[in-house]
Amino acid sequence: MSAPGYEAVETDVLVIGAGGAGLRAAIAAAESGRRVLVVCKSLLGKAHTVMAEGGIAAALHNVAYQDTWEVHFADTMKGGKMINDWRMAEIHARESPERVIELERWGAVFDRTWQGRIHQRPFGAHTYPRLAHIGDRTGLELLRTLQDRAVHTDGVDVHMEITVFKLLKAGGRLAGALAYRRADGSLILYRCGALIVASGGAGKMYRVTSNSWESTGDGTALAYDAGAQLRDMEMVQFHPTGMVWPAGVRGILVTEGVRGEGGVLRNKDGERFMERYDPERMELSSRDVVARAINSEVGAGRGTPHGGVFLDITHRTPDYIKRKLPSMHEQFLQLAKVDITKEAMEVAPTIHYIMGGIKVDPETGESTVPGLYAAGEAAAGLHGANRLGGNSLSDLLVFGKRAGEAAAASLGKSASVAAKLDPEEISAAIASVMAPLERPAGENPFVLQAEIQETMSKHAPIVRDGPTLEAGLDQIMELHARAENCGTGGSRSTAFNPGWHTAIDVRSMLVNAEALLRSALVRRESRGAHARSDFPKTDDQLADVNFIVEKSPDGMVVKPWRREALPEFLLEAVEHSYTRYTPEERE
Amino acid sequence: MHVSDLDLRIWRGNTNAGELVSYRVPVREGMVVLDAVLWVQANLATDLAVRWNCKAAKCGSCSAEVNGFPRLMCKSPIAEYGSTLTVTPMKTFPLIKDLVTDVSWNYDVNKQIPPFTPSEKDLASSEPWRMQQRDVDRVIEFRKCIECFLCQDVCHVLREHANTPFYGPRFMIRIASLEMHPKDTLDRRPMLRGKAGVGYCNITKCCTEVCPEHIKITDNAIIPLKERMDDAYFDPVQWALRRLGGTTKNGPKK
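Protein sequences appear in the order of chains A and B. With the numbering used here applied, the first sequence closes on residue 587, and no number is skipped along the way. With the numbering used here applied, the second sequence closes on residue 1254, and no number is skipped along the way.
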């Protein structure tokens, strides 16, 4: 087969991903007067942002007047076990309220307080009720609002069902990307002045996950390949509550909003076990703590027959549950034949979010490669070792906007995107992406994908240890080698061929998996979402250390990096003792 | 846990040709149609084209016709069917391949609907807006829409009369969510009468029946929109009052 040709498309700013971060970045860059092109793997409006259910965290202090950005900052840092990028946490806490109010002015609808203000619900490890929400489908509201705003903003164009498989540089600066159309396999060369990776997470490398087929960590893998540094890759979040039964629905998310609205966790003996793990915050402890608690209960034989625990909200009235948690009610009724107004749910941890990702400058979202920006789940720093619920939606808005503005500004006055790309690099990348089609008898990509998922589920679970991680790394390196010989599962057609698409996605998953295992091996302590049974204590020496992943001629390297210390006034905000929130009962 | 086998018939093909192909799928407890289709994709036909994302009925990607009925595959338990079932692509939209159709027309329509437009005063206000829950409750139902386009698929106006100027139920929902938003000020009635074509809906309520979000599309969106348009254009009393009063306050903007 002769090398296929490609169509060349030019834009000022290219955005990979059309979730909350990508769309917010696109709007910001276009409002700065740039031509923006958003490319996404699925249809517009289907991004994983819709799975965010509970709400968006912002210190609007509509419910608890004591709430300020300092408290939100302190909660975020403490939740992240202090290895967050403190400047990102500060910016995030300061700017979230503005971004939420802006979203409302763009047409988003939120539930209201009795005074008519945006209502805020309590959530895990947030000192005060802080999550602006609409029922339990806040992510959909955010995405739909941004989607509508983006398509009505001059200068924004969207290419749907496109997979980017290579980032291209010219003179050290990001200058383009290669992609294929999923529908027919035709190739596109995007030339751009700056590129924003907003492609989300990598949860698909685990078997039990709340993530969709899309979350294969493409953005992190592409940026890594282009020479950008990654950080905190050992930090993946197990959401404490995913569905466990029936088997077909295992892993589907059960919103933290259930606990926010008063849901309690019990083991099979009916004991409210969180009393033993976090008597202060109980069910509303941080996600790493609750997930490990459930894991321990099940491990100690106190789980349900299907290997979970019970989550019970039946003490609320049916009307209240249906109003505040409508999609949970529907989801359990439809998929598990359980009426949550009458019965308890069965839940267990499920992979949900990766705190690690592309290392970025806190002010601009620029990676260590000039012209390459990242925002949202693909970027790292804000959440440290554990993300608080509700902080991802505000993350998307705050840093999406900043990345969009900075990417637009980086182009300067000239809008030239005429950088010289290396034709050999282009043809090599095209040959590599077409290669699986040439191997009808090659490895089945779905088998490889399943083996990656098995490996990660077994070797990088909630509680890890050195030897298991080592063995997992060996297996992933073996899978790397086998992926070299990956086919499509038989068909040579480029027309909407999921076998081929998966063969390409598997490459990204392997980079993410390797980075996770290598980083987890070198962090010899337990901190936040990273728990090691061989190093069960938190090591104070590692409190200001992040692990950086980088590409070298000899393969992937992981090295420690010492962060700048927290300034005095922020340290004070963290150490301050805030009054507890005691709600007035009004029903 | 392997319970039994399912004879799953999936429509395979492209714009040139296609046929139903039969696959044997081992059924596990709690399996939904999407699981069965993805099992076929991973084990028997890696080039089987299908769209899906969240697998939790929140994104609206896996729309298809299961035994001829428009449904989300992720929300269709196998147990509801016998040992045989047939999955075909949505019929109203042009086919791309297998279960994947070209739904881009919907995105073009959405672009034509003028977006949320608050008043100048509200936009200029530095104070956060106040709205009451009962006012936002009106639009919350419409904003539940996950854009699965099943309502568009089942709508006989779109399905059988392709050239009729009608935006379809999904976009009646969209227009209703804007028109009834407490802070929106734009008048979309001329559009409803014109290219959105609300008059073409003859209230068969098929769209309401297939909506996985249980939005009462016809009763709560289309009929009130029809009434708004009728008040403006076809109500003789309103017309006479406007004539006498010399006001166009309740009338359509020119």
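Please keep in mind that the hints were generated in silico from the structure rather than gathered at the bench. Any given hint could turn out to be false.
[Stated by the list, open to error] With a straight-line cut-off of 35 angstroms between C-alpha atoms, the simulated DSBU-like cross-links for lysine-lysine are:
hint: 1; chain 1: B; residue 1: Lys1075; chain 2: A; residue 2: Lys268
hint: 2; chain 1: A; residue 1: Lys322; chain 2: B; residue 2: Lys1183
hint: 3; chain 1: B; residue 1: Lys1205; chain 2: B; residue 2: Lys1075
hint: 4; chain 1: B; residue 1: Lys1226; chain 2: A; residue 2: Lys342
hint: 5; chain 1: A; residue 1: Lys322; chain 2: B; residue 2: Lys1091
hint: 6; chain 1: A; residue 1: Lys551; chain 2: B; residue 2: Lys1075
hint: 7; chain 1: B; residue 1: Lys1205; chain 2: A; residue 2: Lys551
hint: 8; chain 1: B; residue 1: Lys1111; chain 2: A; residue 2: Lys337
hint: 9; chain 1: A; residue 1: Lys337; chain 2: B; residue 2: Lys1091
hint: 10; chain 1: A; residue 1: Lys342; chain 2: B; residue 2: Lys1111
hint: 11; chain 1: A; residue 1: Lys458; chain 2: B; residue 2: Lys1205
hint: 12; chain 1: A; residue 1: Lys166; chain 2: B; residue 2: Lys1216
hint: 13; chain 1: A; residue 1: Lys458; chain 2: B; residue 2: Lys1183
hint: 14; chain 1: B; residue 1: Lys1205; chain 2: A; residue 2: Lys342
hint: 15; chain 1: B; residue 1: Lys1111; chain 2: A; residue 2: Lys322
| query | Where does the structure disagree with the numbered hints, that is, which hint numbers, in rising order? | reply | 4, 6, 7, 8, 10, 11, 12, 13
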